[in-house]
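As numbered in our numbering, residues 20 to 129 make up the sequence shown, in order.
The hints are all genuine.
Pairwise CB distance ranges (calculated):
hint, residue 1, residue 2, range
1, Met25, Leu116, 22 to 30 Å
2, Ala117, Arg42, 18 to 26 Å
3, Gly56, Lys127, 18 to 26 Å
4, Glu98, Arg33, 39 to 47 Å
5, Asn32, Lys99, 44 to 52 Å
Calculated lysine-lysine pairs in the DSBU-like style (CA-CA distance at most 35 Å, straight line):
hint, residue 1, residue 2
6, Lys99, Lys127
7, Lys99, Lys60
8, Lys60, Lys127
9, Lys60, Lys34
FYI, nobody ran anything at the bench for these hints, they're computed from the structure. Please read these numbers as outputs of a predicted model, since none were measured by experiment. Heads up, the beta-carbon is just placed ideally off N, CA and C, and yes, glycines get one too.
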Amino acid sequence: MELENMYQAALKNRKRDRDRLERLRTSNNLIRAVRNGDYEKAFRFLTHRRAMDARSASATLFRVSDSMWEARIFLGLGEKQAARLKLEFVIGRGGRLAIAEEARRLLKEC
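With these hints in hand, go ahead and build the complete structure from the sequences.
Pasting the structure below:
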């Protein structure tokens, strides 16, 4: 929350800045919801973030990241088959990213 408040204080009233703040808040809320085990809220935040990220030039990277979050949510809900599908996507598209390595580790544990 402190980071969000500092960022908001430094904002100029530009659409790009407002969009970045919304993305930051949504991502932070997603992380908090997963940590708290509130997977229904986590999925809502993920869906909202995915809609924001669809307009981005980095859409593929965002899809990989979002798929990793989906895998974490599915694992938290005990949905191992759905988690495996998401983890396989992350591994296939993640290349040498750190989350691809994490996906490999989690897939072995499923």
